[in-house]
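Engineer: Knowing the structure of chain Y, use the given hints to seat chains Z and B on it.
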Amino acid sequence: MIEFLGVSKSFGDAAAVRDLSLSIERGEFTVLIGGSGSGKSTTLKMINRLIEHDAGRILFQGQEIRSFKPEDIRRRMGYAIQSTGLFPHWTVAQNIATVPQLLKWPAARIAQRVAELLGLLGLPPDQYQGRYPHQLSGGQQQRVGVARALAADPEVLLMDEPFGALDPITRGALQQEMARIHRASGKTIVLVTHDIDEALGLATRIVLLDQGRIVQAGTPTELLRRPANDFVRDFLGRGEIGIKLLGLETVAARVRPNELAEGEPIAATMSLRDALSVFVARSVERLPVVDAQGRPLGTLYFADLLRSAV
Amino acid sequence: MVRLLRQPLPWALAALLALTWGMPLLKPLFAAAFPALDRPLYEQDTFAQLVWAHLQIVGLSSGIAVLLGVSAGLFVTRQAGREFRPLVETLVAMGQTFPPVAVLAVAAPLIGFGEAPALIALTLYGLLPIVRNTIAGIEAVPASAHEAAEGLGMSSWQRLRQVELPLALPVMLAGIRTSVIINIGTAAIASTVGAKSLGSPIIVGLSGYNTAYVIQGAMLVGLLAIVADLGFSALARWVSRWRMSEAG
Amino acid sequence: MSVDLRPANRVLLVFVLAGLVAALSLAFLTQAPNRLVSGVGVPLRTLLHGANWALVLGPFALLALAVFRQSSVATQGLVTAAAATLLAVLVWLAGAHAKQMADAAEAAGNSAGRTSFGGGFWVWTVLCWLAAADAVQRLKLAPLGRTLALAAVLAPVVVLAASGELAALSLFKEYDNRQDVFDAALWRHAQIVGVTLLPTLLLGVPLGVAAHRHPRFGAPLFALLNVIQTVPSIALFGLLMAPLAALALALPALGIGGIGLAPAVIALTLYSLLPIVQSTLTGLREVPAAVVEAATGMGLTPRQVFWRVQVPLALPLLLSGLRLTTVQAIGLAVVAALIGAGGLGAIMFQGLLSSALDLVLLGVLPVVAMAVAVDALFAVLTQWAQRRQP
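Protein chains in written order, with the working numbering: chain Y, 9 to 318; chain Z, 3 to 250; chain B, -1 to 388.
Hints were generated in silico from the structure; no laboratory data involved.
Keep in mind it's a predicted model, so treat the numbers as computed, not measured.
Be aware that one or more of the hints could be misleading.
Straight line, CA to CA, 20 Å or less: simulated EDC-like cross-link-like pairs of lysine to aspartate or glutamate [said to hold, decoys possible]:
#1 Lys195/Y <-> Glu124/Y
#2 Lys77/Y <-> Glu149/Z
#3 Lys198/Z <-> Glu45/Z
#4 Lys138/B <-> Glu91/Z
#5 Lys138/B <-> Asp40/Z
Extracted from the complex, chain Y is given alone in its bound form:
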């Protein structure tokens, strides 16, 4: 859907992106990750032409992005940023309606879409439609920001460190929302972050950048199991690679069905990493597993944590 072919960008004498080639497929959740100055934000902003690339080509749906008017391409892509950039003088509803209004949707369709999105992001429409941004908490503002980005049902959703300014609990909740939205809608999402755990939790594909170049690109499991070099290892948190691998899977994948164990059960949706923590805290080797309704599913053995995924 989006292709970078040998793209470069410099600001003055400093090269931000060097000869970058990347392919983003439809339906993927691609996370661009790296340290400061790695070029990840620059790369994202070149997609919707907030920054114009110096060399190389960028294709959107097979066409050069330069062949579109910047406004047109941006209206086909959702854009959400860390500081939300909500318009203070517009209500939540008016903010969300920004792009549909630019596209001249009929008022009824806009109103319906606003209500739908507010519901999708966990903000009851009757309560929140008429509020102003300054009346919302940081987490609520960011939800509105995401709703606004999704309003015109764009083909791609671009997000620039959207959860960076939030407290850990709100951040976690919103990350789960994003994962849910991605699963439900199958939208193509490109997200920039510096938080490796966020990347590992959300991405179907991680692109690790350093000094404007791609160091490694692949699924979270690929990066964890076969890091290309020390830089990748360090970025992933050298000493925690194993733990992070456990974080990628849930109990449901390793449970031995039809066996019963004693003690307080754990949910099948719990990650193996959290399960490890429970094993150690209770000093046991077996844990009973239940499903979402509380019905017994089987047992998880401590030793099974080491098994490769079936």
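Structural biologist: Quick look at chains Z and B alone, frame taken from chain Y:
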């Protein structure tokens, strides 16, 4: 209705209107206070005519000043005009060191007497607060709102009209308010160059040692300024109403 | 020297083009046989005989070329120097021409002839000044450096004026004719402003402190001060006349009158209150609560906290309020001339009523110079006061 009565604006406006048409009713009062004067009431024009003339001068010059000033302020905050911004700011700073009367005094010998030098002087001097506040207002628009507007796909014209101007409006309005209030005062002195205004009774009174004339003119021009200021205050509150809603 | 044909400095381009238009369409000087008749225009080219061509065209050509050069310290320095030179040359030429005309008139027996500045002169001098100021601004010097550079640009003009080279120009002739009146007016103007400052500070600062200590007092106070500030100056002067005249009749020993210094100082004090009270209040508010708390915690009495902690920290803001007030007062005192207070406004209004631009300028230019000087002085004072702050 009761809430309206508790606002100062309706009362000030009522006082202004009452004095404008009712000043002749106070003639006996002035006659008693200044027995030495054989003409205690300014009668060369009706006060209504003077107020109207005053409003015309201020209105016209402020209108032009708003058009020119806002345009100039917008121009230097665009990419194309950025280079000219220090120049504009220098000109504004230079202009501030001139007392408003001075602009009037310099215009008259050059252009002649009458309404023209007054209009030109008032327009020129009125530009300063408007340009300054337009620049300040645009600068105060949060950068994140800019970035979001651009990223969502608004063209620069749409960004200006839908995001920048509405957010800059309160500050711009404050500049227009300052400009208008100063103009009301300077227009009073414009009578010295032959423009008819509420300053006419004051100037005539000063040169003829007729304190009654002076007071009549002073009361009206003072009330006019107060009414204008209160009016702008109400307008400012209305424009900022989104800011006023209770914080969540 | 690389010359790219696209203008690199569009501001300078505007100046150069405006200068060309002015040179061709506006009169540089005006020549009149006496004070009462308006003069005949003297275009710039009349003055450009002999070496004068080079003196004017040299710097001008440099400025025009600089339009196409990329900005650098050398370019901007060159522009500043060229603009300053052009300014000095034009002023000198005006003075020289005036002297020439005066000598010729003298020989012909007519000593009432006047040479005055024309529109072209003003446009050119302002353009030169703006070009120099713009170039200095692009050099991005510290405030002190910037002030010195701009003073250096003006220095030749000041020297020319002081040396008597410009004495034949009508503005300076007017000054000569009225030197004692001018000096008295200048002194009086300074007096009005100076006398105002004392009651302003004595009333304004305590009011500000009171507003800080009793917040509920602040709202009605500011409402009142705002009303006063809104009333036009001439109206306030006018409204004070009657009560003061009555007071003068009742208590002649006070030595005040309905017109003259008393209403002027009272009105100016009233106008000055708002900025002073406002800046005192804000200055005190800006003192971090943590600092006051620490001081109190260390055992300082409230009075010591006030004088040793709050006042020094609030001082810069108070100074900026005082700066605003003084500059405002200098301007308002001009209007006070209408109620007989004297000062430079008297000269200005006299010029206005007799349609003599030179007299008007004789009144206005010193006012502007005073305002600029006071502003600069306070800038230095404020910087000094802020040195002790983080």
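Engineer: Going through the earlier hints one by one, which of them does the structure break, listed in rising order?
Structural biologist: Hint 5 alone not satisfied by this model.
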